[in-house]
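2 protein chains.
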Amino acid sequence: MSDSSLLQQLVDALRCLPGVGPKSAQRMVFYLLEHDRDAGRHLAGVLGEAMARIGHCRECRTLTEREVCTLCASPARDPALLCIVEQPSDIAAIEQATDYRGRYFVLGGRLSPLDGMGPEELGLELLGERLHSGLVREAILAISPTVEGSATAHYIHDLAAGSDVRITRIAHGVPLGGELELVDGGTLAHAFAGRTGF
Amino acid sequence: MSDSSLLQQLVDALRCLPGVGPKSAQRMVFYLLEHDRDAGRHLAGVLGEAMARIGHCRECRTLTEREVCTLCASPARDPALLCIVEQPSDIAAIEQATDYRGRYFVLGGRLSPLDGMGPEELGLELLGERLHSGLVREAILAISPTVEGSATAHYIHDLAAGSDVRITRIAHGVPLGGELELVDGGTLAHAFAGRTGF
Chain G
1 MSDSSLLQQL
11 VDALRCLPGV
21 GPKSAQRMVF
31 YLLEHDRDAG
41 RHLAGVLGEA
51 MARIGHCREC
61 RTLTEREVCT
71 LCASPARDPA
81 LLCIVEQPSD
91 IAAIEQATDY
101 RGRYFVLGGR
111 LSPLDGMGPE
121 ELGLELLGER
131 LHSGLVREAI
141 LAISPTVEGS
151 ATAHYIHDLA
161 AGSDVRITRI
171 AHGVPLGGEL
181 ELVDGGTLAH
191 AFAGRTGF
Chain P
1 MSDSSLLQQL
11 VDALRCLPGV
21 GPKSAQRMVF
31 YLLEHDRDAG
41 RHLAGVLGEA
51 MARIGHCREC
61 RTLTEREVCT
71 LCASPARDPA
81 LLCIVEQPSD
91 IAAIEQATDY
101 RGRYFVLGGR
111 LSPLDGMGPE
121 ELGLELLGER
131 LHSGLVREAI
141 LAISPTVEGS
151 ATAHYIHDLA
161 AGSDVRITRI
171 AHGVPLGGEL
181 ELVDGGTLAH
191 AFAGRTGF
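These protein sequences, in sequence, are chains G and P.
Residue numbers for the first sequence follow the UniProt record's numbering, beginning at 1 and rising by one.
Residue numbers for the second sequence follow the UniProt record's numbering, beginning at 1 and rising by one.
Be aware that a few hints might be false.
Said to hold, decoys possible - Rough simulated footprint, nothing fancy, chain G against chain P, three-plus residues with beta-carbon under 8 Å:
| hint | segment |
| --- | --- |
| 1 | 10–19 |
| 2 | 28–35 |
As the list claims (entries may be wrong) - Pair by pair, the computed Cβ-Cβ distance ranges are:
| hint | chain 1 | residue 1 | chain 2 | residue 2 | range |
| --- | --- | --- | --- | --- | --- |
| 3 | P | G19 | G | G177 | 24 to 30 Å |
| 4 | P | Y100 | G | G177 | 42 to 48 Å |
| 5 | P | K23 | G | P22 | 20 to 26 Å |
As the list claims (entries may be wrong) - Some residues of chain G that are not near chain P, with every Cβ distance over 10 Å (derived):
| hint | residue |
| --- | --- |
| 6 | L33 |
| 7 | A44 |
| 8 | V46 |
| 9 | L47 |
| 10 | E49 |
| 11 | A50 |
| 12 | P79 |
| 13 | A92 |
| 14 | E121 |
| 15 | S144 |
| 16 | S150 |
| 17 | H154 |
| 18 | V174 |
| 19 | L180 |
| 20 | L182 |
| 21 | G185 |
The hints are simulated quantities; they were obtained by calculation from the structure and are not laboratory data.
On a predicted model such as this, the values are computed, not experimentally measured, just so you know.
Think of the CB as a built atom: it goes at the ideal place given N, C-alpha and C, for glycine as much as any other residue.
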C-alpha cells in the first residue's frame with residue numbers, strides 16, 4: 001500500500017495489538033475506513049484517554065482511572081479477605097467465575113530477580129503493611145504454581161510471619177471435566193501428590 | 001471489570017475491530033496498559049488522524065489521504081491500462097502478487113440495487129468518462145464471479161460500448177496447487193466450462 005503513507009502507518013500501528021498480524025491489521029483498517037469510521041473515531045478517543053488516565057489503584061494496584069478502584073472502595077467487599085493475584089486480568093477471571101466478596105492485591109508479576117522483578121516491583125512492602133495491619137484475616141494466594149510463582153508464594157508466606165493472617169492457596173490439579181490423558185504430566189503429578197480424603 | 005468504567009469502555013470500543021471478541025479485546029487492553037502504553041498512544045493518534053483525513057482518490061476512488069493517490073499520480077504507471085476492482089484491498093493484493101503497472105478503478109462494491117448499490121454508488125459514471133476519454137486501451141475486470149459481480153461486469157461492458165477499449169477479465173478457475181477434491185463445485189464447473197487449448 002505504497003499509495004497512502006497514513007494508511008500504511010495505521011496498519012503498522014495496529015500490529016502493536018497482541019494477536020494482530022499484517023493481514024488482519026490491513027483487514028481492520030479497510031473495514032474501519034469503509035464501513036465504520038464512527039467506531040474508529042470513538043476507539044481512537046477512548047484509547048488515547050485510557051492510555052493517559054488509567055493508572056494503578058493505591059490500595060490494590062489494579063488498573064483503574066480512579067485513585068482507589070471501585071472494588072477497594074466498595075463497602076460491600078469484606079476487607080478481612082485478601083486475594084493475591086499476579087495480573088489485573090486475574091481479578092476479572094475470579095470475579096466472573098466465583099462468588100468471592102473480599103478484596104484483592106495485584107502483584108503485577110512474579111518474583112524473578114533476573115527479569116528485574118524484585119519485591120519492590122511487586123509492591124511486597126505495601127502488601128506486608130496490609131498483612132500486618134490487623135484488618136486481614138485470610139490471604140488467598142491465587143498465583144500460578146510455577147517455580148517463580150512458588151517462590152513468590154513462599155516470600156508472601158514469610159512476609160505474613162508474626163501476623164494473625166491465615167495464608168491459603170487456591171487448589172491446583174486436574175481441571176473439572178478434564179480428560180486425564182490430555183492433562184499435562186506436571187499437573188497430574190501435582191494432583192496425585194496433593195490428593196485429599198474422599 | 002466493573003471497577004473501571006474507562007477500562008470497560010476501551011474493551012467495548014476494541015470490539016469494533018473485525019475478528020476481535022470480548023476475550024481478545026480484554027487481552028489487548030491489559031497488554032497495552034501493562035506493557036506498551038507508548039504503542040497504545042501512538043495507535044490512538046494515527047487512528048484518529050486516519051479516520052479524519054483519509055478519503056477517496058478523485059481519479060480511482062481508492063482510499064488515500066491525498067486528493068489523487070500515488071498510484072494515479074505516478075508517471076511510471078501506464079494510463080492505457082485500467083484494472084477495475086471492487087475494494088481498495090484488492091489493489092494491495094494485486095500489487096503484491098503481480099507485476100501489473102497500469103492504473104486502477106475502485107467500484108467500492110458490486111451492483112446490488114436491493115442493498116442500495118446502484119451505478120451512482122459504484123462511480124460508474126466516472127468510470128464511463130474514463131473509458132470514453134480515449135486514454136484507455138484495455139480495461140481489466142478483476143471482479144469476483146458472483147451473480148452481482150457478473151451483473152457489474154456486464155454493466156461495465158455495456159458502458160464501454162462505442163469506445164475502442166478492449167474489455168478483459170481475469171481468469172477464474174482452480175487455484176494453482178489446488179487439490180481438485182477440495183475445490184468447491186462451482187469453481188470446478190466454471191473451470192471445466194472455461195477450459196482452454198493445451
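request  = Could you tell me which of the hints above the structure violates, numbers in ascending order?
outcome  = Hints 4, 6, 7, 8, 9, 10, 11 and 13 are the ones this structure does not satisfy, whereas the remaining hints hold.
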